[in-house]
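There are 2 protein chains.
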Amino acid sequence: MILTGKMLIGQQAIAGDREAVRAINPATDTPMEPAYHGGNRAHVEQACALAWAAFDSYRETSLAIRASFLEAIADAIEALGDELTDRAVAETGLPHARIQGERGRTCGQLRTFARTVRAGEWLDVRVDTAQPQRQPLPRADLRQRHIALGPVAVFGASNFPLAFSVAGGDTASALAAGCPVIVKAHGAHPGTSEMVGRAVAQAVKHCGLPEGVFSLLYGSGRDVGIALVTDPRIKAVGFTGSRSGGLALAQAAQARPEPIPVYAEMSSINPAYLFPAALQARAEGLALGFVTSLTQGAGQFCTNPGLVVAIAGTALDRFISTASELLPRCAAQTMLTPGIFNAYETGVAELTRHANVAAQGMAPEGPNRGRAHLFITQADAFLNNPALQAEVFGAASLVVVCANDDEVRQVSEHLEGQLTATLHLDEADLTRAKALLPVLERKAGRLLVNGWPTGVEVCDAMVHGGPFPATSDSRSTSVGTAAILRFLRPVCYQDFPDTLLPDALQHGNPQLLRRLLNGQREA
Amino acid sequence: MILTGKMLIGQQAIAGDREAVRAINPATDTPMEPAYHGGNRAHVEQACALAWAAFDSYRETSLAIRASFLEAIADAIEALGDELTDRAVAETGLPHARIQGERGRTCGQLRTFARTVRAGEWLDVRVDTAQPQRQPLPRADLRQRHIALGPVAVFGASNFPLAFSVAGGDTASALAAGCPVIVKAHGAHPGTSEMVGRAVAQAVKHCGLPEGVFSLLYGSGRDVGIALVTDPRIKAVGFTGSRSGGLALAQAAQARPEPIPVYAEMSSINPAYLFPAALQARAEGLALGFVTSLTQGAGQFCTNPGLVVAIAGTALDRFISTASELLPRCAAQTMLTPGIFNAYETGVAELTRHANVAAQGMAPEGPNRGRAHLFITQADAFLNNPALQAEVFGAASLVVVCANDDEVRQVSEHLEGQLTATLHLDEADLTRAKALLPVLERKAGRLLVNGWPTGVEVCDAMVHGGPFPATSDSRSTSVGTAAILRFLRPVCYQDFPDTLLPDALQHGNPQLLRRLLNGQREA
Numbered sequence: 001m002i003l004t005g006k007m008l009i010g011q012q013a014i015a016g017d018r019e020a021v022r023a024i025n026p027a028t029d030t031p032m033e034p035a036y037h038g039g040n041r042a043h044v045e046q047a048c049a050l051a052w053a054a055f056d057s058y059r060e061t062s063l064a065i066r067a068s069f070l071e072a073i074a075d076a077i078e079a080l081g082d083e084l085t086d087r088a089v090a091e092t093g094l095p096h097a098r099i100q101g102e103r104g105r106t107c108g109q110l111r112t113f114a115r116t117v118r119a120g121e122w123l124d125v126r127v128d129t130a131q132p133q134r135q136p137l138p139r140a141d142l143r144q145r146h147i148a149l150g151p152v153a154v155f156g157a158s159n160f161p162l163a164f165s166v167a168g169g170d171t172a173s174a175l176a177a178g179c180p181v182i183v184k185a186h187g188a189h190p191g192t193s194e195m196v197g198r199a200v201a202q203a204v205k206h207c208g209l210p211e212g213v214f215s216l217l218y219g220s221g222r223d224v225g226i227a228l229v230t231d232p233r234i235k236a237v238g239f240t241g242s243r244s245g246g247l248a249l250a251q252a253a254q255a256r257p258e259p260i261p262v263y264a265e266m267s268s269i270n271p272a273y274l275f276p277a278a279l280q281a282r283a284e285g286l287a288l289g290f291v292t293s294l295t296q297g298a299g300q301f302c303t304n305p306g307l308v309v310a311i312a313g314t315a316l317d318r319f320i321s322t323a324s325e326l327l328p329r330c331a332a333q334t335m336l337t338p339g340i341f342n343a344y345e346t347g348v349a350e351l352t353r354h355a356n357v358a359a360q361g362m363a364p365e366g367p368n369r370g371r372a373h374l375f376i377t378q379a380d381a382f383l384n385n386p387a388l389q390a391e392v393f394g395a396a397s398l399v400v401v402c403a404n405d406d407e408v409r410q411v412s413e414h415l416e417g418q419l420t421a422t423l424h425l426d427e428a429d430l431t432r433a434k435a436l437l438p439v440l441e442r443k444a445g446r447l448l449v450n451g452w453p454t455g456v457e458v459c460d461a462m463v464h465g466g467p468f469p470a471t472s473d474s475r476s477t478s479v480g481t482a483a484i485l486r487f488l489r490p491v492c493y494q495d496f497p498d499t500l501l502p503d504a505l506q507h508g509n510p511q512l513l514r515r516l517l518n519g520q521r522e523a
Numbered sequence: 001m002i003l004t005g006k007m008l009i010g011q012q013a014i015a016g017d018r019e020a021v022r023a024i025n026p027a028t029d030t031p032m033e034p035a036y037h038g039g040n041r042a043h044v045e046q047a048c049a050l051a052w053a054a055f056d057s058y059r060e061t062s063l064a065i066r067a068s069f070l071e072a073i074a075d076a077i078e079a080l081g082d083e084l085t086d087r088a089v090a091e092t093g094l095p096h097a098r099i100q101g102e103r104g105r106t107c108g109q110l111r112t113f114a115r116t117v118r119a120g121e122w123l124d125v126r127v128d129t130a131q132p133q134r135q136p137l138p139r140a141d142l143r144q145r146h147i148a149l150g151p152v153a154v155f156g157a158s159n160f161p162l163a164f165s166v167a168g169g170d171t172a173s174a175l176a177a178g179c180p181v182i183v184k185a186h187g188a189h190p191g192t193s194e195m196v197g198r199a200v201a202q203a204v205k206h207c208g209l210p211e212g213v214f215s216l217l218y219g220s221g222r223d224v225g226i227a228l229v230t231d232p233r234i235k236a237v238g239f240t241g242s243r244s245g246g247l248a249l250a251q252a253a254q255a256r257p258e259p260i261p262v263y264a265e266m267s268s269i270n271p272a273y274l275f276p277a278a279l280q281a282r283a284e285g286l287a288l289g290f291v292t293s294l295t296q297g298a299g300q301f302c303t304n305p306g307l308v309v310a311i312a313g314t315a316l317d318r319f320i321s322t323a324s325e326l327l328p329r330c331a332a333q334t335m336l337t338p339g340i341f342n343a344y345e346t347g348v349a350e351l352t353r354h355a356n357v358a359a360q361g362m363a364p365e366g367p368n369r370g371r372a373h374l375f376i377t378q379a380d381a382f383l384n385n386p387a388l389q390a391e392v393f394g395a396a397s398l399v400v401v402c403a404n405d406d407e408v409r410q411v412s413e414h415l416e417g418q419l420t421a422t423l424h425l426d427e428a429d430l431t432r433a434k435a436l437l438p439v440l441e442r443k444a445g446r447l448l449v450n451g452w453p454t455g456v457e458v459c460d461a462m463v464h465g466g467p468f469p470a471t472s473d474s475r476s477t478s479v480g481t482a483a484i485l486r487f488l489r490p491v492c493y494q495d496f497p498d499t500l501l502p503d504a505l506q507h508g509n510p511q512l513l514r515r516l517l518n519g520q521r522e523a
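If you read the sequences in order, they're chains A and B. Residue numbering for the first sequence follows our numbering, beginning at 1 and increasing consecutively. Residue numbering for the second sequence follows our numbering, beginning at 1 and increasing consecutively.
Heads up, some of the hints might be wrong.
[Claimed, not checked] Computed footprint of chain A on chain B; a stretch qualifies when at least three of its residues, placed anywhere within it, have a C-beta under 8 Å from a C-beta of chain A:
hint: 1; region: 145-157
hint: 2; region: 194-204
hint: 3; region: 445-455
hint: 4; region: 492-504
No wet-lab data here; the hints were simulated from the structure. Since we're looking at a predicted model, the values are computed, not measured. Glycine included, C-beta positions come from ideal geometry on N, C-alpha and C.
Whole structure, please, built from the sequences with the hints as guidance.
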């Protein structure tokens, strides 16, 4: 595929006229062709007009057609072959195997949402039939289903150029819900974005859908991003990125004449608790697992274990000393962009001012290589210094040494909202863990036992979300099939004749949905 | 019951020390004893501390205990007998029969949520079991349930002193979800609020629950209201009232260090469409139904039909002339408060400046009597004058006369978000109605055929919600069992030993929930 540097507004490839970005190969610090000129307000206007024009018909496509569309996107992405993965590797500095895995995840995710669409549980159909004889007043026939919110603006993430970008989780779940999507590509991987965007546009055409179902824009967050979020035709926003970026979008969305929901996944340091018996039994193994999780993908995961909490003692000393032996053997890894690398260096320098350095990874060879860092601090310092709780995006982590269970609890209560919390425990730790659990449930969207948080399964039960500032909306998940629920709203139909009812609500139940019928769930 | 004029902070009755309000009997314009002094910041602090202390244990009460608690509240309200209804009648000017009906609705609502709690579908349990052999990576055991968001602040509504006030829909659904509730009583019915509040506190005690599960505060929105919404321990807000009041709370909630969801039900004029064939066949009957719905309860329903849309012609003339004959026979009715009466008068005066008066109700005899009003305007005037779309709370309605289907569509697209939209139609109108339906689905939470919107059934399929400004969150309903979903968030448990899992997620499924197990819904 020859990259054009153009945006996709519906089926049209259109060149922007604002400042250009080029991808930078972070491994070599060299810019890559072509240039991607940013769009202007007229381009945003055009994409929103098309999305709006497509909305009413797209949201009422049959479940079968919408599912086939999602599958067609997956097929089209796979058909891009090595060209896609080569470009993504060059633009992100991520290893080939990781990018190939991510492509599998991305296409699997689209197909999972296709199955979810077909099953139709997300429609949450509820039927209360008429009771004309009821006293003192008859009951009307009432039927509820969910419909799509409207066109959705999706902001691609830097750290998942496929799985959380142009055709990633936000796009897949919004399209599944029946929402047209306008993606603002992340400037770090514009070529990957163009390839995937063209695959989506091709699937739109292949399935005979209105072209406004999908557009792909380039440009700055301030220009194109805010213009998108404040356009009256955009009805929800999906975002994965920094806290400041997410908050800016949330504020813009709230300041609209009609405020809209923003699903921003922003900031998490993912505390891992090492309970005494587990630590005593396997401090060295825990250290190995920890260092592996910490340094995976240069630590550039939202769920990276950035905090370790444990009670002081020889077992914790063994954990720290083993981790401190392992870390210097870890090569510095290319980070996603020069900007992310610089932010990491700044964050590490800040932690160095406030905590003790326990160990460092190998010294970097080449540009934008993030060197892993392990820091140590005491509970009272952590409790009194907000700087120690700031997310440092990359392979940096902080061990908080607590004197006793009470300090562990205080540290936990002091934490901001998190995507995950991890508990390493043995049988003898269960009572302690049980006592801490209510705090962790209040703090995090996913709790893990004896694992590491960096793997995020795409499945029904996943929660990739959590209280603020992990996300802007703790009631939702951005990974897994429940992500579709973010883009829906309920509508009730009272005393409608069958011919006017949507299929999902008709008396004959032609879609064979498992409805809640007069309070009973149908088999 | 001797009213004390005191707040309830947990089980303690405490007198406020700020400016006092007394209820005013609007029928006679006379103040009623006792005085209710407003609380100060320390009272808010105390109620929030108790609610927070109660949260972790209350949210994990068994489904059976929580359901019994809701039923105990209903029983305690019924045990208040005529004293409650007499006081509510005196404080609101609403007729006895209406208040008795509302008590039935309120208690029925509590019992409906008890059934919902027991059924447990709101937990949305999803289980994906481990796949240790999966390639390339094993899958962990992942289990999701929903937990309560945290303590909820509820603002009582003026127009439903029972069903949307101290133990109304917001309180019932938040308690059902496992959230402690702090109610700020509406100043218009403080005595009713005290009685119901004491019934709730009695049920808390009877069920052996922590006292912080429920508190009742008095005071101004600026003082107590904003202090509640900005307290870090409050995690969600339920509100029914004016647009300005709802927006102020939403803004305060968004400006917090940790923003929280606000469910504000605010403003709706509930368009009713009279399609040509139906209008031709039964203009007079429609006019009777319309006037009945318009004037019910002095028009003080969120779902009052404040807008009628139809195409010009002799059939519409018949509708208008019949309504104009009926309206002068409708007595002016006591409105809820002098403030609401004054706002109604102002709104009517404003409409009088911008539209033609078709008819008026009987002249008022006595204070605070709202006189029904019917106005007429043309579509182009409506499209160009935002004043014609402002909600006038009370028995005022505006007929928008359209030249043709296109103007009907333009008027519809021009509408702000609504709680309801009503379609009066016959067989011959189906094509027209079908064409308009996508617009109405985008505009309203509930669509009705051949009825009037003022009845709102408490059931599974009800949606009392809708796009902004009908509510601040179109993804939710404040009436019906789905209202519980507003106060929940998902939490995922990965690789947890059974003993550490909450009951709902344990391998043996002890609560016999219908889980989503490996993608299949259990029978």
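Against the structure, the hints:
Given a C-beta distance limit of less than 8 Å, the hint that chain A covers the region 145-157 of chain B holds, as 3 residues qualify and 3 suffice. Coverage of the region 194-204 of chain B by chain A is violated [criterion: at least 3 residues with CB-CB distance below 8 Å; count 0]. Evaluation of the coverage hint for the region 445-455 of chain B: fulfilled, as 8 residues show C-beta separations to chain A shorter than 8 Å, against a requirement of three. Counting residues of the region 492-504 of chain B whose CB lies closer than 8 Å to any CB of chain A gives 8, which reaches the minimum of 3, so the coverage claim holds.
Taken one by one, the earlier hints fail for this structure only at number 2.
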